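S.K.: One letter stands for each residue in the lines below.
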Amino acid sequence: MKSGVGMKIIYVDNAATTAMSNAAIEAMEKSMREDYGNPSSLHSMGQRSAEKVRAARESIAKNLGCSSNEIYFTSGGTEADNWAIRSCAKNGAKNGKHHIVSTKFEHHAVLHTLQALEKEGFEVTYLDVNENGIVKLNDVEKAIRGDTALVTIMYANNEIGTVQPIAEIGRLCREKGVVFHTDAVQALGHIRINVEKENIDMLSFSSHKFHGPKGIGGLYCRKGIFLNNMIFGGAQERNKRPGTENVAQIIGTAVALEEACSNLDKNAAYVASLRDRLIDNILSAVPRTRLNGDRESRLPGNISFCFEGIEGESLLLMLDLKGICASSGSACTSGSLDPSHVLLALGLPHEIAHGSLRISLSENNTREEIDYIAQVLPQIVSRLREMSPVWEKIQNEEKEEYNYAVQ
Amino acid sequence: MLYSKEVMDHFTNPRNVGKLDNADGVGEVGNAKCGDIMKIYIKVDNGIISDVKFNTFGCASAIATSSMATEMIKGKPIEEALQLTNKAVVEALNGLPPAKIHCSVLAEEAVKAAVADYYNRNSIEYDKEIFGCNGCCGSCEAAGD
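Protein chains in written order, with the working numbering: chain Y, 2 to 408; chain H, 51 to 195.
For reference, chain Y alone in the conformation it holds in the complex (with noise of 0.2 Å):
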């Protein structure tokens, strides 16, 4: 592989952002030139957008499984999940309730999201996950009360890909009449949902993160759940969330999730296939090495590792130089000295964490790619071991460990 320019750039921060999907740009590039009516006008054109934008909701309905008038168009998953969060809880303030349960590694939408209603007198309990990244469900039911309004945990978590037990949070969330929240940012179009079989009253999605346009994405809320305005204006989106509609956005999501579920199962082996060999690979290449999350209710994209005795940030610009683009939930890259609440929300020490890696692969990436990360990654890892002292103390610890047993 060449280095420097022409250099061929290997993509696996998939978690990140993904590529767009071919078909999902021509769609959107077909709707913006001809398809530049308004929805809301009567005339031809605008019926012509209508209709469009009518079918693509009810194409994501489909692959989601509940009806197209359950499905609201928003900016994105950002927007889903204050838009989820905020409304549910005004609607249990009207009833006394200012409970809210969720837990300790979610996305920043919603922790942050959760934060600004403490300020505003709701109170929330964030559930510990296991040391595998998984939330016990005995904790949840434990926690619900009967002042609880919402339940919201991710479907799968975005920094160590663990897939939670979504259904059966939802079936116990419903048997104790508590609205279930679900940010599944990382989950549609790469595992199977079905939100009327797995209990979910509302969902988040981003389209760009199943291969479809950024600054798009939705929110789910099933029928029966009032859902309180955050904007107004017109009639949009059955009044809800007013703004002329993004048809070619909106176009590109349904295109690129109908691409996305109807190649699902055979996408998720193949990446799944890719993960594991690097895993493997990495884990017996590079000592002192750790994989985060469980192994096997996992995203069949994510990997996440972390190195002991280096820091996240020097490691990921390391590879960048050698064409991998790749994520750390290290501290360095946010500014901050902490590191990822993920990370720490699974009980690893700072030190650890601070060393922490995210490969997040799609059906694009080949196994000669993967197999170039496994042969750069153990290079770059033992250069920057050599240049740290916290690796230097990790050593002289291991020599006298071993010492010691010889004598």
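These aren't lab readings, by the way, just hints derived from the structure by calculation. You may find that some hints are simply not true.
To be verified - With a straight-line Cα cutoff of 25 Å, these simulated DMTMM-like cross-link-like pairs (lysine to aspartate or glutamate) come out:
#1 Lys394/Y - Asp101/H
#2 Lys83/H - Glu398/Y
#3 Lys69/H - Glu393/Y
#4 Lys31/Y - Glu246/Y
#5 Lys83/H - Asp129/Y
#6 Lys93/H - Glu179/H
#7 Lys69/H - Glu398/Y
#8 Lys323/Y - Asp59/H
#9 Lys394/Y - Asp71/H
#10 Lys93/H - Glu387/Y
#11 Lys69/H - Asp167/H
#12 Lys162/H - Asp277/Y
#13 Lys83/H - Asp372/Y
#14 Lys69/H - Asp277/Y
#15 Lys394/Y - Glu78/H
#16 Lys162/H - Glu387/Y
#17 Lys69/H - Glu399/Y
#18 Lys323/Y - Glu56/H
#19 Lys83/H - Asp339/Y
#20 Lys69/H - Glu387/Y
#21 Lys83/H - Glu401/Y
#22 Lys137/H - Asp101/H
#23 Lys400/Y - Asp71/H
#24 Lys124/H - Glu393/Y
#25 Lys83/H - Glu402/Y
#26 Lys394/Y - Asp167/H
#27 Lys69/H - Glu401/Y
#28 Lys83/H - Glu132/Y
#29 Lys93/H - Glu393/Y
#30 Lys400/Y - Glu78/H
#31 Lys83/H - Glu260/Y
#32 Lys394/Y - Asp74/H
#33 Lys124/H - Glu387/Y
#34 Lys63/Y - Asp339/Y
#35 Lys267/Y - Asp277/Y
#36 Lys55/H - Glu387/Y
To be verified - Over 12 Å on every C-beta distance to chain H, these chain Y residues come out as not near it, computed from the model:
#37 Lys63
#38 Phe233
#39 Ile311
#40 Ser315
Please read all numbers here as calculations on a predicted model, not as lab measurements. The beta carbon of each residue, even a glycine, is placed where N, CA and C say it ideally should be.
Position chain H relative to chain Y; hints supplied.
M.R.: Only chain H this time, still in chain Y's reference frame:
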């Protein structure tokens, strides 16, 4: 790009990496909890820093500031090394992102810690006031909350 050309140069080709087995002074600052540790080794001959090496655990700017700081004190009289400021290191690197300024403070402190160690080993009197961090960058525990 997050970092200047100079930072990337010192990060990808760090100068003076390693240890000195017969060092006359060793300074270690930072902690693994915060994600940065710098360890600087100096060799002193006739009051001149004749050799210097470093080991750093940290982000790209931590490695680059260590590298630059060691370059800036190499071959210099000790007194001059003590004049090294974090600002001078930042300027030599053509700037650091605001969140990374604390790395340059660590580099300055690591140099001072190595010199203090040298003074202590040789029972040389010195003004303790000039050593240590005053929490100016607001990024570490010394800055308080």
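S.K.: If a hint holds in the structure, say so; if it doesn't, say that too.
M.R.: Results for each hint:
no. : hint                : verdict
1   : Lys394/Y - Asp101/H : 23 Å, holds
2   : Lys83/H - Glu398/Y  : 18 Å, holds
3   : Lys69/H - Glu393/Y  : 11 Å, holds
4   : Lys31/Y - Glu246/Y  : 16 Å, holds
5   : Lys83/H - Asp129/Y  : 21 Å, holds
6   : Lys93/H - Glu179/H  : 23 Å, holds
7   : Lys69/H - Glu398/Y  : 18 Å, holds
8   : Lys323/Y - Asp59/H  : 15 Å, holds
9   : Lys394/Y - Asp71/H  : 15 Å, holds
10  : Lys93/H - Glu387/Y  : 21 Å, holds
11  : Lys69/H - Asp167/H  : 15 Å, holds
12  : Lys162/H - Asp277/Y : 47 Å, violated
13  : Lys83/H - Asp372/Y  : 33 Å, violated
14  : Lys69/H - Asp277/Y  : 38 Å, violated
15  : Lys394/Y - Glu78/H  : 12 Å, holds
16  : Lys162/H - Glu387/Y : 24 Å, holds
17  : Lys69/H - Glu399/Y  : 19 Å, holds
18  : Lys323/Y - Glu56/H  : 19 Å, holds
19  : Lys83/H - Asp339/Y  : 8 Å, holds
20  : Lys69/H - Glu387/Y  : 10 Å, holds
21  : Lys83/H - Glu401/Y  : 23 Å, holds
22  : Lys137/H - Asp101/H : 23 Å, holds
23  : Lys400/Y - Asp71/H  : 18 Å, holds
24  : Lys124/H - Glu393/Y : 24 Å, holds
25  : Lys83/H - Glu402/Y  : 23 Å, holds
26  : Lys394/Y - Asp167/H : 20 Å, holds
27  : Lys69/H - Glu401/Y  : 20 Å, holds
28  : Lys83/H - Glu132/Y  : 20 Å, holds
29  : Lys93/H - Glu393/Y  : 20 Å, holds
30  : Lys400/Y - Glu78/H  : 21 Å, holds
31  : Lys83/H - Glu260/Y  : 44 Å, violated
32  : Lys394/Y - Asp74/H  : 20 Å, holds
33  : Lys124/H - Glu387/Y : 22 Å, holds
34  : Lys63/Y - Asp339/Y  : 42 Å, violated
35  : Lys267/Y - Asp277/Y : 16 Å, holds
36  : Lys55/H - Glu387/Y  : 24 Å, holds
37  : Lys63               : 42 Å, holds
38  : Phe233              : 38 Å, holds
39  : Ile311              : 7 Å, violated
40  : Ser315              : 5 Å, violated
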